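A.B. asks: These protein sequence lines map, in sequence, to chains A and B.
Under the working numbering, the residues of the first sequence are numbered 1 to 218, in order.
Under the working numbering, the residues of the second sequence are numbered 1 to 364, in order.
A hint or two may mislead.
What the hints assert, rightly or not - Derived DSSO-like pairs (lysine-lysine); straight-line CA-CA distance at most 27 Å:
id: 1; chain 1: A; residue 1: K158; chain 2: A; residue 2: K128
id: 2; chain 1: A; residue 1: K108; chain 2: A; residue 2: K69
id: 3; chain 1: A; residue 1: K93; chain 2: A; residue 2: K128
id: 4; chain 1: B; residue 1: K118; chain 2: B; residue 2: K76
id: 5; chain 1: A; residue 1: K158; chain 2: B; residue 2: K76
id: 6; chain 1: B; residue 1: K118; chain 2: A; residue 2: K69
If you are wondering where the hints come from, they were derived from the structure by calculation, not from laboratory data.
The model shown is predicted, which means the values in this text are computed figures rather than measured ones.
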Amino acid sequence: MRRGLAGVFVGMLTLAGALLMSAPAGAVQTTTWGVTPAPTSQGQRTSLAHPADGSTVHDVLIVYNRTAKPITVHLYVLGTSYANGVYQFSPPKTGLAADTTIGTNSVKLGPYQEVRVPVTIHMPRGVKAQTLAGIGAEASAINDGSLSIMQQLVVLVKANPTNHFAPPPITKDLFPWAFIAIGLITAAGALVELERRKNRSVRSGSRLRPPLPAIGPS
Amino acid sequence: MRRRAKLAIIGTTVVALGAIAAPALANQSVGVSVGFLTAGPTGTRTLSVQDTRGNDLTATGAVLDLSGGSNSFVTKVIDSNAGYANTGYTVQAMMSDLYPYNGTSFTSCNQNQLIQSKQLTLSSPTGLLDLNGISSTLTPVFSLSGDLTSILGTTLLGAGSGAINNQTVTGIGQSLSQGQIAGSGNTGNLFGTTLAGVLSKLPIQIAGNPAGGSFTSPAQDPATSGCTNVPNSNSATQVPIMTGTANASGLISDLTSVIENAVSPVTSNPTAQQLATALFVDPNAVLTMVCQTLNITCALLTTVQQNSILSTLTDNLSTNPVTLVNNLTGQSGTYSAQPGMVINTQGIIPGGYRGTMTVTLVTN
Numbered sequence: 001m002r003r004g005l006a007g008v009f010v011g012m013l014t015l016a017g018a019l020l021m022s023a024p025a026g027a028v029q030t031t032t033w034g035v036t037p038a039p040t041s042q043g044q045r046t047s048l049a050h051p052a053d054g055s056t057v058h059d060v061l062i063v064y065n066r067t068a069k070p071i072t073v074h075l076y077v078l079g080t081s082y083a084n085g086v087y088q089f090s091p092p093k094t095g096l097a098a099d100t101t102i103g104t105n106s107v108k109l110g111p112y113q114e115v116r117v118p119v120t121i122h123m124p125r126g127v128k129a130q131t132l133a134g135i136g137a138e139a140s141a142i143n144d145g146s147l148s149i150m151q152q153l154v155v156l157v158k159a160n161p162t163n164h165f166a167p168p169p170i171t172k173d174l175f176p177w178a179f180i181a182i183g184l185i186t187a188a189g190a191l192v193e194l195e196r197r198k199n200r201s202v203r204s205g206s207r208l209r210p211p212l213p214a215i216g217p218s
Numbered sequence: 001m002r003r004r005a006k007l008a009i010i011g012t013t014v015v016a017l018g019a020i021a022a023p024a025l026a027n028q029s030v031g032v033s034v035g036f037l038t039a040g041p042t043g044t045r046t047l048s049v050q051d052t053r054g055n056d057l058t059a060t061g062a063v064l065d066l067s068g069g070s071n072s073f074v075t076k077v078i079d080s081n082a083g084y085a086n087t088g089y090t091v092q093a094m095m096s097d098l099y100p101y102n103g104t105s106f107t108s109c110n111q112n113q114l115i116q117s118k119q120l121t122l123s124s125p126t127g128l129l130d131l132n133g134i135s136s137t138l139t140p141v142f143s144l145s146g147d148l149t150s151i152l153g154t155t156l157l158g159a160g161s162g163a164i165n166n167q168t169v170t171g172i173g174q175s176l177s178q179g180q181i182a183g184s185g186n187t188g189n190l191f192g193t194t195l196a197g198v199l200s201k202l203p204i205q206i207a208g209n210p211a212g213g214s215f216t217s218p219a220q221d222p223a224t225s226g227c228t229n230v231p232n233s234n235s236a237t238q239v240p241i242m243t244g245t246a247n248a249s250g251l252i253s254d255l256t257s258v259i260e261n262a263v264s265p266v267t268s269n270p271t272a273q274q275l276a277t278a279l280f281v282d283p284n285a286v287l288t289m290v291c292q293t294l295n296i297t298c299a300l301l302t303t304v305q306q307n308s309i310l311s312t313l314t315d316n317l318s319t320n321p322v323t324l325v326n327n328l329t330g331q332s333g334t335y336s337a338q339p340g341m342v343i344n345t346q347g348i349i350p351g352g353y354r355g356t357m358t359v360t361l362v363t364n
């Protein structure tokens with residue numbers, strides 16, 4: 001019986017592993033490493049695009065090593081705009097970039113390893129045009145010749161206009177939860193007090209009761 | 001009774017604490033998790049930077065030598081395994097200042113001795129753009145018309161009409177090769193005037209930067225230089241190398257032409273039966289569309305009626321060209337640009353220099 005359960009467990013673990021390690025799709029990559037938004041139930045993606053509905057989105061970026069050698073990939077958020085045929089990048093101090101955070105800024109990858117990095121985006125509300133941020137990724141440059149060539153891959157974060165808005169995030173408004181909590185704690189206190197009074201009334205009742213007659217051979 | 005009351009107290013307290021904790025937990029991020037690639041990515045877009053002989057310039061030992069005042073390199077974007085659908089890209093570059101370098105280490109951070117990034121100009125002539133291995137997967141949508149009144153009769157239609165007017169039916173997914181997209185004589189590398197002639201028919205329209213541009217504002221100083229004159233790349237000038245604009249609509253004429261030539265006999269007004277025989281549409285999808293449009297029960301159709309329906313409905317591709325479902329479901333191809341880099345050597349102190357060029361790929 002135990003062996004059977006172990007077999008089921010191993011099978012489930014294998015399945016979970018296969019799902020976790022399934023190769024990324026829609027990826028951008030260099031000859032040695034790559035990065036891609038994690039696929040969703042709707043399939044592969046090439047950007048982290050979400051409606052600008054005021055919600056907080058928890059997304060995932062996959063960074064992977066294509067080689068048998070360890071590699072370190074640096075990640076960072078970029079203010080991003082598009083003009084004159086190029087993307088311009090800036091510090092993530094304002095706009096969507098300021099509302100985007102990544103789980104780590106440096107990923108050390110072993111041979112053929114992939115790492116899932118959480119991305120949290122506080123989506124804006126009520127934008128009329130698509131707004132952008134970027135998540136930049138780069139590995140160290142190889143230093144040879146007059147120019148060291150560094151490759152940078154950028155996955156865009158997109159806030160798309162929408163007419164459907166999420167309710168205000170509860171994390172920013174603790175008052176309803178505080179009222180519920182206070183009410184429940186008060187109810188708990190009342191139950192404690194009720195129990196205490198019951199105990200007291202039982203004890204005082206036993207003191208007033210006349211002593212029982214002695215039973216046994218006289 | 002006392003035990004029940006205690007449980008109630010504990011339960012209520014736990015719920016209360018949960019109510020307090022819930023907002024905090026709702027915003028918690030999951031941690032970084034690790035796995036291993038069991039196979040190559042199923043759909044990839046790869047950036048490659050090479051010298052003109054095909055050596056990877058990001059590999060150890062590869063050199064882009066600018067000692068002669070100019071040089072060229074090749075940037076490639078390779079879509080493989082049909083992993084991308086209707087998605088363009090931008091390849092661009094930024095450049096740091098170049099600092100004196102003696103072959104093993106940087107020797108100075110003095111701003112009077114360096115080569116400023118703005119002394120370097122990069123151009124990407126359209127004539128040197130090149131592509132090959134283009135293919136696309138896509139699903140056509142047909143617009144079928146025809147009068148089925150005499151076929152269905154009053155038994156099925158009652159007093160209604162059996163007219164079908166431009167009702168759409170989603171066809172079977174197709175894969176178009178480079179020859180089918182760019183013409184049978186264009187199966188190899190496409191460049192120059194040949195490329196310019198077929199550009200509008202391609203799933204990705206590529207463009208270079210023939211006018212060129214200088215790196216007016218420098219990127220961050222090279223990491224190993226130890227210099228901090230330019231501590232970050234926040235205001236670095238981005239110079240375009242190659243853009244690829246998604247152009248799914250350009251495939252409509254290609255696909256229409258493929259369909260016209262594949263049905264037998266060749267016609268621009270094929271019947272649903274011809275389209276089905278050539279595997280462009282599922283006949284059951286056509287019959288389902290008819291039954292839904294005319295509000296009749298498909299199970300009541302005889303085999304003779306079904307065949308007659310398929311032979312009667314036609315798509316006049318000249319006036320009603322196919323449309324594409326979800327534009328594309330996949331695209332493959334290799335797109336190359338060969339930018340040239342020129343240094344304005346005026347005022348430069350002879351010697352060795354080194355800088356960092358960052359080539360960026362953004363999928364739109």
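A.B. asks: With reference to the structure, classify each hint as holding or not holding.
C.D. replies: Tested hints:
no.	hint	result
1	A:K158 x A:K128	holds (13 Å)
2	A:K108 x A:K69	holds (11 Å)
3	A:K93 x A:K128	holds (21 Å)
4	B:K118 x B:K76	holds (25 Å)
5	A:K158 x B:K76	holds (26 Å)
6	B:K118 x A:K69	violated (36 Å)
Of the numbered hints stated above, the single one contradicted by the structure is hint 6.
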